[in-house]
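Trainee: Sequence:
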Amino acid sequence: MANFLQPPRLRIGEDTEEERRATWLELFYDLVFVVAVSQLAHNLNEDISLSGLFGFVVLFIPVWWSWIGTTFYANRFDSDDVGHRLLIGIQMLTAAAMAINIHHGLGESSPGFAISYALGRAVLVIEYVRAGRHIPIARPLTTRHAIGFAIAALLWLISASVPIPWRFGFWTLGIIIDFATPLTVRKFQIELLPHASHLPERFGLFTIIVLGEAIIAVVNGVSEQKWDTLTVISGVFGLIIAFSWWWVYFDNLGGKPIEMARTHGKVGVVYLWLYTHLPLVIGIAAAGVGVEQILLSKPTLALPDSQRWLICGSVALCSLAVSLLHKFGVIRYCKIRSQYRLGGAVLFVAIAIFGKGLLPVAVIGLVAVVSAVQVVQDLYQSRPTTRLVDPQI
Numbered sequence: 004m005a006n007f008l009q010p011p012r013l014r015i016g017e018d019t020e021e022e023r024r025a026t027w028l029e030l031f032y033d034l035v036f037v038v039a040v041s042q043l044a045h046n047l048n049e050d051i052s053l054s055g056l057f058g059f060v061v062l063f064i065p066v067w068w069s070w071i072g073t074t075f076y077a078n079r080f081d082s083d084d085v086g087h088r089l090l091i092g093i094q095m096l097t098a099a100a101m102a103i104n105i106h107h108g109l110g111e112s113s114p115g116f117a118i119s120y121a122l123g124r125a126v127l128v129i130e131y132v133r134a135g136r137h138i139p140i141a142r143p144l145t146t147r148h149a150i151g152f153a154i155a156a157l158l159w160l161i162s163a164s165v166p167i168p169w170r171f172g173f174w175t176l177g178i179i180i181d182f183a184t185p186l187t188v189r190k191f192q193i194e195l196l197p198h199a200s201h202l203p204e205r206f207g208l209f210t211i212i213v214l215g216e217a218i219i220a221v222v223n224g225v226s227e228q229k230w231d232t233l234t235v236i237s238g239v240f241g242l243i244i245a246f247s248w249w250w251v252y253f254d255n256l257g258g259k260p261i262e263m264a265r266t267h268g269k270v271g272v273v274y275l276w277l278y279t280h281l282p283l284v285i286g287i288a289a290a291g292v293g294v295e296q297i298l299l300s301k302p303t304l305a306l307p308d309s310q311r312w313l314i315c316g317s318v319a320l321c322s323l324a325v326s327l328l329h330k331f332g333v334i335r336y337c338k339i340r341s342q343y344r345l346g347g348a349v350l351f352v353a354i355a356i357f358g359k360g361l362l363p364v365a366v367i368g369l370v371a372v373v374s375a376v377q378v379v380q381d382l383y384q385s386r387p388t389t390r391l392v393d394p395q396i
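Residue numbers (this note's numbering): 4 to 396.
These aren't lab readings, by the way, just hints derived from the structure by calculation. Do not take every clue at face value.
[To be verified] As a list, the in silico DSS-like pairs of lysine-lysine whose alpha-carbon atoms are at most 27 angstroms apart: (1) Lys330 to Lys190; (2) Lys338 to Lys229; (3) Lys359 to Lys229; (4) Lys330 to Lys269; (5) Lys338 to Lys269; (6) Lys269 to Lys190; (7) Lys338 to Lys301.
Assemble the whole structure, with the sequences as input and the hints as a guide.
Mentor: Next up, the structure:
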């Protein structure tokens, strides 16, 4: 902590931007979301159905957006003083309260979940107002963020006193306003683009959080079964799936969207980078649940349809999201890699459609093979001879 009390400062811009890494406070803040994602996965584990998946997604979105809000603020205006630390501490409390209320989050706990989310957003509004007071150049951006997020927070707060199902109408309107608010400040975003080295690392850390759920799933699934060869093999396949998508994502990660926006004025690519991460992390988190379900199933009986669709559909969603990131140059621009990811998504869906009657180890094995092929393709594309022919692939 440099000073006991200091105002927010601008951490971005060609004149002020320096190499940055995630702070210890940010890493500590992430721990609350480890718990929240774990609770979301637990909910889905208890109800593998369309309604269960819908509830998982509905609750995942505000949890993820809470993390995004704090991350983007800190990316631009972080100041390691007492005031900022205390505000982050309050946001951690609200995130913990969300995690507590995730169980029955669309039922009896939904008022608590809504109030927790609203209070977290209210703290973020205070942070933006505080930044606007001390950084005049950022005031147009901070004012619009504060107004949009405040309106959304108010809707979430009101929803707690509205009966179901009208409560969820307020949630929907609130999250739409939340998501739309950054889009209303496009002309100010180009002057205050996020930090090119800090933000990719923060996105990567949240991706690590959801990938961690896949590792936990393997450990839980194998530990709760009697020692069985098929279960152990399935566990190895589960780790291969997690490792493959870690490789595919992090081997192509970088600050290219921000650099493109800065040099070519294409701020839209930053939004694409932001919003495409939502289906990506949802898919990874759901895939972890799918792996655990497979490991807990009877190894000598055909995998039930719901579990087969969960593992195949979730990994297909990951593959499709990464394909879009490649296609539009959000991560490493490469048409061939984009096509492979899209082809992988199609194969995962095909396994779900035509894999009826297959044993659990066969389903997870096929998913693992298709995932591993994505890594092999990347390695092939990265050969020195390939780079000499075309530096873009």
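Trainee: Compare the structure with each hint and give your call.
Mentor: Outcome of the hint check:
no., hint, result
1, Lys330 to Lys190, "holds, 25 angstroms"
2, Lys338 to Lys229, "violated, 45 angstroms"
3, Lys359 to Lys229, "holds, 25 angstroms"
4, Lys330 to Lys269, "holds, 15 angstroms"
5, Lys338 to Lys269, "holds, 19 angstroms"
6, Lys269 to Lys190, "holds, 11 angstroms"
7, Lys338 to Lys301, "violated, 41 angstroms"
In terms of the numbered hints stated before, the structure departs from hints 2, 7, listed from lowest to highest.
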